[in-house]
Amino acid sequence: MDFRKFRKRSPWILHYNTGSCNGCDIEILACLAPKYDVERFGILNRGNPKQSDILLVTGPVTKRAKERLLRLYFEMPEPKVVVAVGACACSGGVFRHMYNVENGVDKVIPVDVYVPGCAARPEAIIDGIVRALEILKEKGKEVELPHWCSAQVKPPVNRVKLLDRCLEELHGRR
Amino acid sequence: MSYWTAFILTLFSPVIGGFIYGLERIVRARMQGRVGPPLLQPFYDFFKLMDKRSIIIHSFHAFMGVMYLIGTWFALFVLLSGGDLLIAIFFHVLSLAFLVVGGFSVRSPYSVIGAMRELLHMVAYEPLYVLSAAALYLVTGTFQVSGILRSEHVPLIYLPLLFTAVLFSLPAILKKSPFDTAEAHQEIIGGPEIEYSGKFYEAVYTAKWIEYVYAFFFIFLFAGGNHILGALLIIFAFFFFNLLDNVTARVNFRQMVAFHWYILIPLAVINLMLIALWRS
Numbered sequence: 160m161d162f163r164k165f166r167k168r169s170p171w172i173l174h175y176n177t178g179s180c181n182g183c184d185i186e187i188l189a190c191l192a193p194k195y196d197v198e199r200f201g202i203l204n205r206g207n208p209k210q211s212d213i214l215l216v217t218g219p220v221t222k223r224a225k226e227r228l229l230r231l232y233f234e235m236p237e238p239k240v241v242v243a244v245g246a247c248a249c250s251g252g253v254f255r256h257m258y259n260v261e262n263g264v265d266k267v268i269p270v271d272v273y274v275p276g277c278a279a280r281p282e283a284i285i286d287g288i289v290r291a292l293e294i295l296k297e298k299g300k301e302v303e304l305p306h307w308c309s310a311q312v313k314p315p316v317n318r319v320k321l322l323d324r325c326l327e328e329l330h331g332r333r
Numbered sequence: 018m019s020y021w022t023a024f025i026l027t028l029f030s031p032v033i034g035g036f037i038y039g040l041e042r043i044v045r046a047r048m049q050g051r052v053g054p055p056l057l058q059p060f061y062d063f064f065k066l067m068d069k070r071s072i073i074i075h076s077f078h079a080f081m082g083v084m085y086l087i088g089t090w091f092a093l094f095v096l097l098s099g100g101d102l103l104i105a106i107f108f109h110v111l112s113l114a115f116l117v118v119g120g121f122s123v124r125s126p127y128s129v130i131g132a133m134r135e136l137l138h139m140v141a142y143e144p145l146y147v148l149s150a151a152a153l154y155l156v157t158g159t160f161q162v163s164g165i166l167r168s169e170h171v172p173l174i175y176l177p178l179l180f181t182a183v184l185f186s187l188p189a190i191l192k193k194s195p196f197d198t199a200e201a202h203q204e205i206i207g208g209p210e211i212e213y214s215g216k217f218y219e220a221v222y223t224a225k226w227i228e229y230v231y232a233f234f235f236i237f238l239f240a241g242g243n244h245i246l247g248a249l250l251i252i253f254a255f256f257f258f259n260l261l262d263n264v265t266a267r268v269n270f271r272q273m274v275a276f277h278w279y280i281l282i283p284l285a286v287i288n289l290m291l292i293a294l295w296r297s
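Chains A and B supply the protein sequences, listed in that same order. Here the working numbering is used: the first residue of the first sequence is 160, the next is one more, and so on. Here the working numbering is used: the first residue of the second sequence is 18, the next is one more, and so on.
It should be emphasised that the hints constitute simulated quantities derived from the structure, not laboratory data. Careful, some of the hints might be misleading.
Among chain A residues calculated to face chain B with C-beta under 7 Å, some are [stated by the list, open to error]:
(1) Phe162
(2) Arg168
(3) Ser169
(4) Pro193
(5) Asp196
(6) Arg199
(7) Gly201
(8) Gly206
(9) Asn207
(10) Lys209
(11) Gln210
(12) Lys300
Calculated from the model, a selection of chain B residues having no Cβ within reach of chain A, i.e. all distances over 12 Å [as the list claims (entries may be wrong)]:
(13) Gly99
(14) Ala150
(15) Val264
Pulled from the structure, derived: some chain A residues nowhere near chain B, Cβ distances all over 10 Å [stated by the list, open to error]:
(16) Arg230
(17) Pro269
(18) Cys308
(19) Ser309
(20) Glu327
Note that beta-carbon positions come from the ideal geometry of N, C-alpha and C, so glycine has one too.
Start from the sequences and build out the full structure, keeping to the hints where you can.
Here you go:
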């Protein structure tokens with residue numbers, strides 16, 4: 160039996176705010192409210208990385224948030240996709256090149272879908288999630304690492320060790 | 018009911034429980050002015066979780082998740098095969114104990130808090146189920162489920178206060194608002210089930226569906242031999258606890274235990290004493 164087609168039917172969401180102004184977060188919550196009601200498509204806001212499929216990230220990733228973001232990414236079991244919601248998450252937005260931000264989510268973890276807008280409209284967020292589901296359907300189950308991480312994945316996967324290695328590199332790079 | 022019918026019914030109880038859960042999600046959405054997911058949504062979740070990678074904290078923790086499923090399944094089998102009511106209650110407590118031990122065995126603070134609150138849940142509602150087993154014995158003269166389902170008395174007529182008490186503690190056993198402190202989804206993100214993922218979360222998720230069947234079968238017993246009344250009671254209880262889930266906020270654990278021990282259990286005990294007096 161092919162279980163891949165069920166990935167599109169029940170995507171569970173983890174929502175993380177990396178120092179956003181709350182504008183995009185309110186729009187994400189508006190998707191769950193009666194007007195847009197994304198639970199029609201089986202989308203639930205779980206708030207638990209271990210049981211989620213889609214990571215919705217808002218905000219320009221402050222220096223404090225980057226480690227938490229990486230930890231959350233590692234705690235999510237594969238297959239998973241990352242959606243960057245809002246101008247800040249895509250490129251840093253109005254905070255770009257400030258001393259305290261990382262200029263977007265894709266500097267820390269690989270991003271699959273970018274949803275622009277300040278704040279991103281609920282329609283745009285839903286469209287972004289639908290695009291993400293198409294990517295999710297094609298993804299494999301092997302462990303994914305950030306593109307800048309040089310660690311090797313060997314069969315008895317120890318996620319704690321992989322995370323430690325990546326955190327070391329994350330804090331080491333400038 | 019013969020042994021084999023009970024066995025097959027127990028085997029398919031996750032399917033029944035899944036449909037109840039899917040219906041509950043639709044009813045809850047309609048009550049909030051939403052459309053809600055399709056009826057088969059729990060099964061889509063089930064098949065999706067089959068395909069996820071499982072992250073294991075340590076093997077004992079994962080084992081306890083599976084034992085929770087097996088324990089609830091066995092408790093339901095005892096009920097459906099017409100066994101002893103007290104043994105079914107005992108196995109249900111045991112399965113919850115597996116979940117609690119699993120919750121305590123990891124270092125996540127949410128998991129540990131959730132496990133402690135799960136124990137308080139058991140302290141709150143389990144006496145009520147033991148009391149209702151005793152009350153059903155007083156009315157029908159047997160602890161055997163098969164005997165209760167064949168008796169000519171309708172226990173509901175003798176036990177109105179006890180039935181009300183069980184109805185009000187239904188949210189506690191199914192972990193719905195107002196008594197959902199053990200898996201408060203906004204504060205401790207699921208409580209003891211937080212660290213399960215992939216196939217092991219699937220076991221916990223399925224065990225919760227089986228608990229639906231277990232709890233509603235208990236409601237069914239209050240109609241005794243009158244099975245049509247039993248079906249009506251289940252439908253009433255279903256809508257009643259969904260309404261309660263939607264209109265109430267979460268109470269804290271003190272209020273939950275106090276409500277059970279100061280209001281519901283005295284109600285049940287008064288009902289039992291009245292029956293005993295009336296009999297003598």
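A quick look at each hint next to the structure:
Checking Phe162 (chain A) against chain B: minimum C-beta separation of about 4 Å stays under 7 Å; hint holds. Among the interface hints, the one on Arg168 (chain A) holds; its C-beta lies about 4 Å from the nearest C-beta in chain B, closer than the 7 Å criterion. Checking Ser169 (chain A) against chain B: minimum C-beta separation of about 4 Å stays under 7 Å; hint holds. At about 5 Å, the closest approach between the beta carbon of Pro193 (chain A) and any beta carbon in chain B falls short of 7 Å, and the interface hint on this residue holds.
At its closest, the beta carbon of Asp196 (chain A) sits 4 Å from a beta carbon of chain B; the interface hint therefore holds under the 7 Å criterion. With its C-beta approaching chain B no nearer than about 5 Å, Arg199 (chain A) sits inside the 7 Å limit, and its interface hint holds. With a least beta-carbon distance of about 5 Å to chain B, the hint placing Gly201 (chain A) at the interface is held under the 7 Å criterion. Because the smallest distance between the Cβ of Gly206 (chain A) and any Cβ of chain B comes to about 5 Å, under 7 Å, the interface hint for this residue holds.
About 5 Å separates the beta-carbon of Asn207 (chain A) from the nearest beta-carbon of chain B, less than 7 Å, and the hint is met. The beta carbon of Lys209 (chain A) comes within 4 Å of a beta carbon in chain B, closer than 7 Å, and the hint placing it at the interface holds. This hint holds: Gln210 (chain A) has a C-beta 5 Å from the nearest C-beta of chain B, less than the 7 Å allowed. Residue-level restraint check for Lys300 (chain A) holds (minimum Cβ-Cβ distance to chain B is 5 Å; threshold 7 Å).
Distance check for Gly99 (chain B) against chain A: the nearest CB is about 35 Å away, which clears 12 Å, and the non-interface claim stands. At roughly 35 Å from the closest C-beta of chain A, the C-beta of Ala150 (chain B) stays outside 12 Å, upholding its exclusion from the interface. Taking the minimum C-beta to C-beta distance to chain A, about 16 Å, the non-interface status of Val264 (chain B) holds against the 12 Å cut. Remark: the non-interface label on Arg230 (chain A) is consistent with the geometry, its nearest Cβ contact in chain B lying 13 Å away (cut-off 10 Å).
Remark: the non-interface label on Pro269 (chain A) is consistent with the geometry, its nearest Cβ contact in chain B lying 17 Å away (cut-off 10 Å). The Cβ of Cys308 (chain A) sits about 18 Å from the closest Cβ of chain B, beyond the 10 Å cut-off, so the non-interface label holds. With a least CB separation of 22 Å from chain B, Ser309 (chain A) remains clear of the 10 Å interface cut-off, as annotated. No beta-carbon of chain B is positioned within 10 Å of the beta-carbon of Glu327 (chain A); the least distance is around 21 Å.
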